[in-house]
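J.: Here is what each chain is made of, one letter per residue.
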Amino acid sequence: MNIETKNLIKTYNDDAVLNLTRDYNHLFFESGKINGILGPNGSGKTTLMKIMAGLISKTSGDVLYDGHPGNNDTPLDITYSSHRPTLFSRSVYENIAYPLKIRKYPKDQIQRIVTELLNEFELSDIQDHNAKKLSGGESQKTALARALSFSPKVIFLDEPTANIDPKNIKLMETALLKRKQLHNLTVIIITHNLSQAFRICDNLTFLDQGVCLYSGPPQGLIESSNPIIHDFISFNTLSNTEFQLKS
Amino acid sequence: MNYIINGFVEAFRLLLSFDPEITQIVLLSLFVSFSSTLYATIIGVPFGILLGITNFRGKQIVSRFLYTFMSFPPVVIGLFTALFLARSGPFGQFKLMYTPTAMIIAQTILVTPVIMGIVFNNATNSGYEVVLTGKTLGAGKRDTLILLITELKGTIMIALVTGFGRAISEVGAVMIVGGNIRGFTRVMTTFIAMNNNMGQYSTAIAMGIILMTISFITNSILYKYIIGDTNEYRD
Amino acid sequence: MKKKLTVFLVIIFVCALALSFAGCTTTEKALEPGSNGEIILATTTSTQDSGLLEVILPAFESKTGIAVKVVAVGTGKAIEMGTNGEADVLLVHARAQEDKFMADGLGVERFDVMYNDFVVLGPTADPAQVKANASADAVKAFTAIAAVPSTFVSRDDKSGTNTKELQIWKAANITPEGDWYVRTGTGMGETLTVTNEKLGYTLADRATYANMKDTLTGLEVVCEGDPLLLNPYGVITVSPTINAQINADGAKAFADWIVSPEGQKLIGSYEINGDQVFTPSATQK
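Chains as they are written, first to last, in the working numbering: chain W, 7 to 253; chain Z, 7 to 241; chain X, 4 to 288.
Take these hints with a grain of salt, some might be off.
[As the list claims (entries may be wrong)] Using C-beta positions, here's what the derived DEER-type ranges look like:
| id | chain 1 | residue 1 | chain 2 | residue 2 | range |
| --- | --- | --- | --- | --- | --- |
| 1 | W | Ser97 | Z | Ile155 | 15 to 25 Å |
| 2 | X | Ala174 | Z | Leu89 | 30 to 40 Å |
| 3 | Z | Gly146 | W | Gln187 | 30 to 40 Å |
These are computed hints drawn from the structure, not numbers from a lab.
Using N, Cα and C, we set each Cβ at its ideal position, and we do this for glycine too.
Produce the complete structure using the sequences and hints provided.
T.: Put into structure tokens, the structure is as follows:
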């Protein structure tokens with residue numbers, strides 16, 4: 007599913023938090039691709055994502071899903087995992103199984119899907135642990151597994167691998183890439199990790215103070231002459247070996 | 007000093023003899039307070055959750071009112087309830103005055119804001135996140151409600167036990183609407199007050215010990231639940 | 004694990020509820036000998052505290068099958084309950100207020116029932132010298148107390164006892180005021196406790212004093228026997244015209260019974276520690 011925004015504005019108490027009406031006023035998040043959103047803190051990234059995910063309302067402008075406008079609610083094929091995900095006070099297994107349970111999947115199918123996910127995310131050992139008692143990495147993995155369990159078409163991720171060790175980062179990225187390739191999953195991901203952005207994203211959108219300064223292939227971001235973007239990139243450590251475009 | 011010691015001695019003697027009148031009084035107290043806590047839970051929990059997760063105009067004012075009602079003086083509630091239930095009052099024809107039913111009504115009025123307030127507070131803080139997460143996973147209205155109740159289970163337990171504690175230990179409301187009538191509406195607290203007034207300290211102390219024991223038990227349950235919960239939040 | 008605990012607690016809760024419900028209904032049934040209705044009897048705290056009602060009421064209840072709900076409040080409140088029709092029958096000891104009640108047309112019938120007496124209590128040291136100079140003269144005793152002035156504890160709650168106390172002050176031409184005059188605003192028992200603590204003087208009904216004698220180690224009777232100290236009781240059936248909930252038949256049954264030879268005999272036979280406390284006084288028809 008593609009998601010587009012046109013001339014999107016969001017104001018809170020007369021303050022324009024998001025004003026995507028100048029250059030790059032038509033943002034296009036491609037279906038079956040990993041779309042990254044970057045920018046300094048407070049630039050409106052989370053607001054943009056939440057609007058597209060149907061979690062908060064827009065003030066004006068259009069959001070289109072495969073060309074059709076939404077209805078101010080979260081479409082059923084979309085999921086969202088926030089920066090610090092809320093896990094339910096039940097076991098890891100039960101958390102991952104939850105979306106399947108409410109969709110009334112048959113019991114054996116649920117077991118099959120959840121067991122696969124537990125293996126994929128290396129959570130099998132702690133599947134009976136209370137989800138509220140997990141470490142940072144374990145919670146993020148559980149949240150991601152839960153969000154992917156019902157095979158959504160689009161997944162919004164808000165800094166899913168912040169504060170996670172490299173091994174688990176790799177694990178989560180692999181899970182996303184796999185589904186992108188096999189199921190055409192559309193991923194829209196906010197990240198502060200520049201090497202991650204260049205590692206997995208097919209295109210990047212850069213926001214600063216509610217305005218979009220770039221949207222397009224990753225290469226274009228580096229070559230941008232915009233001083234703000236330039237500063238942003240140079241502040242982030244980028245070694246040549248980490249620098250690779252998506253394969 | 008002597009009569010305090012004598013009082014305690016007499017009290018234990020009385021307790022061990024399992025006096026039928028005392029038993030009846032204790033059972034009645036439990037019945038009245040359990041019932042009112044139950045009704046207060048049925049009313050207070052859904053409303054508390056609903057108000058907590060909705061962002062509506064005037065939410066600040068509503069929460070102020072709610073928190074104020076949480077600590078409303080029981081005796082005043084008793085007074086107002088009596089005005090309504092009295093024979094000359096609007097509900098006089100139901101002959102509720104001086105019955106356990108009237109006591110349950112008064113205590114339900116007392117406890118509902120307590121339960122509602124605690125649930126509301128917690129729902130406001132963490133309920134919203136739960137609703138949002140449910141939404142992102144495809145939960146409909148019914149699923150969301152069930153989700154909220156299970157996630158707020160700990161809070162609901164705390165609210166229940168707190169409400170019960172308030173009910174079983176108050177004397178003002180039950181005295182006014184119940185009348186402390188022997189065999190009908192005499193409960194632990196009114197019994198203690200009456201015996202104190204009559205100078206019968208050992209009997210008052212005996213009942214006081216029973217009341218404190220019950221209070222201790224309910225608070226232990228609460229403690230277990232809170233301690234249980236904090237363990238789960240440790241990193 | 005948590006689930007098990009919750010289920011367990013819910014079961015306990017439901018059991019406790021059921022048990023207490025069973026407990027209180029069966030006891031209720033035991034005290035209601037046959038269901039012939041019930042009456043609300045408003046009386047004073049001192050009457051209830053005397054223990055008389057516990058002895059005589061079961062006889063009435065088993066004879067008529069009418070359950071008596073005794074609400075013990077101050078005399079003022081009892082009269083008010085009668086005025087508003089919140090009670091069916093009154094048993095009080097405040098003649099002036101009783102007469103006014105009848106004159107206002109609020110009662111159907113009034114009968115004399117019994118009398119007990121008041122006593123003046125004071126500290127063993129007796130600083131006002133009441134025992135020496137006024138052991139049978141209430142007015143003289145009060146005058147002596149006010150003259151020192153010694154601590155005097157008043158119920159100050161418009162009860163029958165308080166009404167009598169004020170009557171005596173009036174007869175002595177004294178308006179009691181000052182730090183020595185302590186107002187408790189509560190029942191007889193508590194007022195006695197306060198008097199004992201402060202080692203002061205007070206007016207009490209003999210029954211309550213007799214019941215509490217053991218705990219009132221600092222006090223003794225310093226004045227008694229004065230005709231002024233007699234405390235007559237009246238029973239009044241409340242007029243059913245006040246509201247539709249009044250059980251006039253039940254009230255009449257009670258009033259008739261308490262003045263009947265049977266009721267009167269029971270009253271006379273009630274003793275505290277071997278002493279008769281109430282003297283029956285109903286005029287037999």
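J.: Taking the hints in turn, state whether each one holds.
T.: A quick look at each hint next to the structure:
1. Ser97/W to Ile155/Z: 15 to 25 Å: Given range 15 to 25 Å: holds, Cβ gap about 18 Å.
2. Ala174/X to Leu89/Z: 30 to 40 Å: holds, 39 Å
3. Gly146/Z to Gln187/W: 30 to 40 Å: Taking Cβ atoms as reference, Gly146/Z and Gln187/W lie about 32 Å apart, which means the hint holds.
Of the numbered hints listed earlier, not one is contradicted by the structure.
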